[in-house]
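Undergrad: This note's numbering numbers the first residue of the sequence shown as 3 and each following residue consecutively.
Don't read these hints as lab results, they were simulated from the structure. Check before you lean on any hint, since a few could be wrong.
[Unchecked claim] Dumping the calculated EDC-like pairs for lysine to aspartate or glutamate here, alpha-carbon to alpha-carbon at most 16 Å:
1. K10 / E57
2. K9 / E57
3. K9 / E35
4. K10 / E35
5. K40 / E12
6. K45 / E35
7. K13 / E35
Predicted model only: the values in this text are computed from it and were never measured.
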Amino acid sequence: MGYYVIKKSEKSVSQPWYFLLKADNHETIATSEMYSSKDAAKKGIASVQKNGPSETIKDET
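Modelling step: build the complete structure from the supplied sequences, incorporating the hints.
TA: Rendered as structure tokens:
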């Protein structure tokens, strides 16, 4: 199972919070958008957990 890491950027003052989705081998799979609060970043993680699992693959090549 992968895991999430909540981070705080020193570069953005208005929206410093973001999260990373990491694989078991600790490689970054995805980086979130920036959030204005840590709580908002946690809600973003909850949304990915709820809406992420899907068996559908859309190949638009």
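Undergrad: With the threshold set at 16 Å, check whether the alpha-carbon distance from K45 to E35 stays at or below it.
TA: 12 Å, holds
Undergrad: Between K13 and E35, is the straight-line Cα distance small enough, at 16 Å or below?
TA: 14 Å, holds
Undergrad: Does K9 pair with E57 here, judged by a C-alpha cut-off of 16 Å?
TA: 29 Å, violated
Undergrad: Taken at face value, is the distance from the CA of E35 to the CA of K9 at most 16 Å?
TA: 11 Å, holds
Undergrad: Has the given pair, K40 with E12, been kept, meaning a C-alpha gap of at most 16 Å?
TA: Roughly 14 Å between the alpha carbons, so the hint for K40 and E12 holds.
Undergrad: K10 and E57: Cα distance at most 16 Å?
TA: Roughly 32 Å separates the two Cα atoms, so the pair is violated.
Undergrad: For the pair supplied as a hint, K10 and E35, confirm whether the alpha-carbon distance does not exceed 16 Å.
TA: 12 Å, holds
Checked against the numbered hints given earlier, this structure breaks hints 1 and 2; the rest are met.
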